[in-house]
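Engineer: Each chain, letter by letter, is given below.
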Amino acid sequence: MGNMKEHHSLKNETNTFQAIVIGSGISGGWVAKELCDKGIGTLMLERGRDVRHLRDYPTATTDPWEFSYRGDLPHDIKQRNPIASRCYAFEDATEHFFVKDNEHPYIQEKPFDWIRGYQLGGRSLIWARQTQRWSRFEFEKPARDGYSIKWPITYDELAPWYSHVEKFVGISGERNGLDVLPDSEVLSAWEMNKAEASIATSINEGYADRHAVIGRCAHLTEPQPIHQEQGRGKCQARNLCYRGCPYGGYFSSNSGTIPWAEKTGNLTIKTDAVVHSILYDDESKKAIGVKVIDRLTKEESFYFSDIVFLNAGSLNSNLVLLNSVSDRFPNGLSNDHDVLGRYMAFHHYRGSLTATYNKDLDSYYSGRRPTSIMIPNFRNVKKQDADFQGGYMTFYSTSRKAWNRKVEGQQYGVDYKRELSKPGPWSVYMMMQGETIPKKTNRVYLSPTEVDEWGVPLITTSIDYDDNDERMLRDFLNEGKQMLESAGCDMISEHDSQQAPGLDIHTMGGIRMGSDPTTSMVDKHCRLHHCQNVYVTDGACMSSTGVQNPSLTYMALSARAAEHASATFK
Amino acid sequence: MNRRETIKNLGAGSLLITVGGFSFYRCTDDVYVPHFFEQKEYDFLSAFAECLLPTSEDSPGATEVGVASFLDQYVPACYPPKQQQMLKSTLQSLMKIYLEDGGQTLAKESVDKKNDLMELIESSKIEGYKPLKSAVLFAYFTSQEGMTKALRYDPVPGEYKGDVPLGENDKAWAI
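Just so you know, the sequences run in chain order A and B. In terms of the numbering used here, the first sequence has 340 at position 340, counting the first letter as 1, and numbering is strictly consecutive. If you count the second sequence from 1, you need to add 1000 to reach the numbering used here.
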């Protein structure tokens, strides 16, 4: 538990900062940028290795055939990494940005695929880059329909912060004027291809409450001065994003917030710094700093600050608080009511549909678009009217396969080869992104016996689906099938991946936001109720999951909380 | 010059590339010494792949692209042991069909004889034939020549156009 007086005596000029940010991913990057812009001396702690924009993207311009396994990975690597291998983006071109299973063990009380990126920039290098604002319905529905506590903030409160981060990040998309998916500050939108547009027309004309519109993503379609100032250029439609982008075409901490914060002269970065715990001082009732274990030497050190931001990623932020024990908080920092680590939720991706579309065959496309078509949630929007709670967003896209399809005619020879070289009919892929219900029983906790090589207890996951998820899945598959049928698709088939939670890489909660300290961990400013100079602004603070890709909301919450925290220094 | 001398001299057709500490020969099949396949299996595989995806007006055939040499390295690295053996035994079954049909050296047969064999193989429903064929297609269409000549490859498209008229002979994008 440590003696705080002893810790205080370790303070010196080199280990003391105004603010400490734990984590350098998409939310930590934003906190650092905002604090540094306000002149606040900030230390960013990253448990992984240093990864710098451009310099550390070894595969960014490698042609596909130059990889030994051409997108695949050796069998022994897959066998040693069953968890990482289940991630769609884990391949020979990207594996260096993913945590290997055996490097960082955890305990799965129930199956949970934890996909991690331990390096400077975290998973902002390897995220899917889809960015939509929450609507007022996502904030209001959980309490309205009784499946979570009331969000202490409204859409209107967060809207200016969405605008603030969107302008810096650069979001491509349309202004669709939809109440279910509020408009962002947008750069020009990507185009739909002809088949996607035909299907969209069918959906938009066939259903008054459904809107098929082009996706919004963190890609620079028309860089503005603010992006040029970051050294970022236009997205080149290569769609090799998971390798790191040599153009800075998509937003990451590495290409955006971190170099920006460094330029202010107010940022210190320490990589290979595994945060063990946050140090709590009972006298001031505040955190005074953090205890860090060096990843390589295993040496212990301490860093001190006036405020601490916890942005380690949902599960690891829970881990740090659970491991921050003191006489005052024996069950984890600010955890007086056994809320910490509980009410975790995630996104439901199990359902998908595939189909073919045999019209618009005179049209093709060029370039590789980094987004798809989205249909904002149309279930339980204004009132609870489905046989499940929450909602789901639907995405679809179409493309034309070549050699990896069945062709007519002779199955060998010159004609066969020629046929395989041509684009086939349109392949349609449709998927869901569903809300799951935050439940007390879906939780993470520390192993009482096992620790990792840095002496930190292993995290144990106990997170699972429930009946609500099954009902939502059936609804999506039925509705998706109907939409594709009406649009004239053939060979429609339904799929349930049965993937474990975690593989969505959208785990949220555990340190949820709310007004009542007995049922939540942080207040509306993302501050711990009982330790008010510690802020949590990553996915861990989410009281419900919404149906949107979450990163944009984490960024907006981070910027908003940083503004609030900066008042400490006025 | 035999194969071993050729590989020692590393002729113009071969190029040693290193990716992630792993050495790889990229070369046409006829200057490569197999490690995973037996020489006989390898020769047959290369000739069979050429029958499946022969040289045509606008793009090289499977042999020139190095389908067999790629698979000789890719299969033992990336396939689980069971599938590795499956691929080999399928190849043995095909060779047996061919030899029983009076064949000797597939690569040197006449076009008619090759077509006869392919008809025989395609209709024989050998277990494991589909995966073998898929492996050959993968090796061919993900090779440099496959992507740039049989298909179209644009490393830096610059933009996405959603509606481009498709001509009768337009090729598909490699990625």
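Be a bit skeptical, because a hint or two may be false.
Capping the alpha-carbon separation at 25 Å, the derived lysine-lysine pairs in PhoX-like fashion look like this [unchecked claim]:
| # | chain 1 | residue 1 | chain 2 | residue 2 |
| --- | --- | --- | --- | --- |
| 1 | A | K422 | B | K1149 |
| 2 | B | K1040 | A | K406 |
| 3 | A | K78 | B | K1171 |
| 4 | A | K422 | A | K38 |
| 5 | A | K78 | B | K1082 |
| 6 | A | K422 | B | K1171 |
| 7 | B | K1082 | A | K401 |
| 8 | A | K524 | A | K167 |
| 9 | A | K422 | B | K1130 |
| 10 | A | K406 | B | K1108 |
| 11 | B | K1171 | A | K401 |
| 12 | A | K78 | B | K1096 |
| 13 | B | K1171 | A | K359 |
| 14 | B | K1133 | A | K78 |
| 15 | B | K1161 | A | K422 |
| 16 | A | K422 | A | K11 |
In short, the hints are calculated from the structure, not lab data.
Engineer: Give a verdict on every hint.
Structural biologist: Each hint, compared with the structure:
| no. | hint | result |
| --- | --- | --- |
| 1 | A:K422 / B:K1149 | holds, 12 Å |
| 2 | B:K1040 / A:K406 | violated, 30 Å |
| 3 | A:K78 / B:K1171 | violated, 33 Å |
| 4 | A:K422 / A:K38 | violated, 56 Å |
| 5 | A:K78 / B:K1082 | holds, 15 Å |
| 6 | A:K422 / B:K1171 | holds, 5 Å |
| 7 | B:K1082 / A:K401 | violated, 29 Å |
| 8 | A:K524 / A:K167 | holds, 24 Å |
| 9 | A:K422 / B:K1130 | holds, 21 Å |
| 10 | A:K406 / B:K1108 | violated, 29 Å |
| 11 | B:K1171 / A:K401 | holds, 11 Å |
| 12 | A:K78 / B:K1096 | violated, 34 Å |
| 13 | B:K1171 / A:K359 | holds, 18 Å |
| 14 | B:K1133 / A:K78 | holds, 23 Å |
| 15 | B:K1161 / A:K422 | holds, 18 Å |
| 16 | A:K422 / A:K11 | violated, 68 Å |
In the structure shown, a violation is registered for the earlier hints numbered 2, 3, 4, 7, 10, 12, 16, in ascending order.
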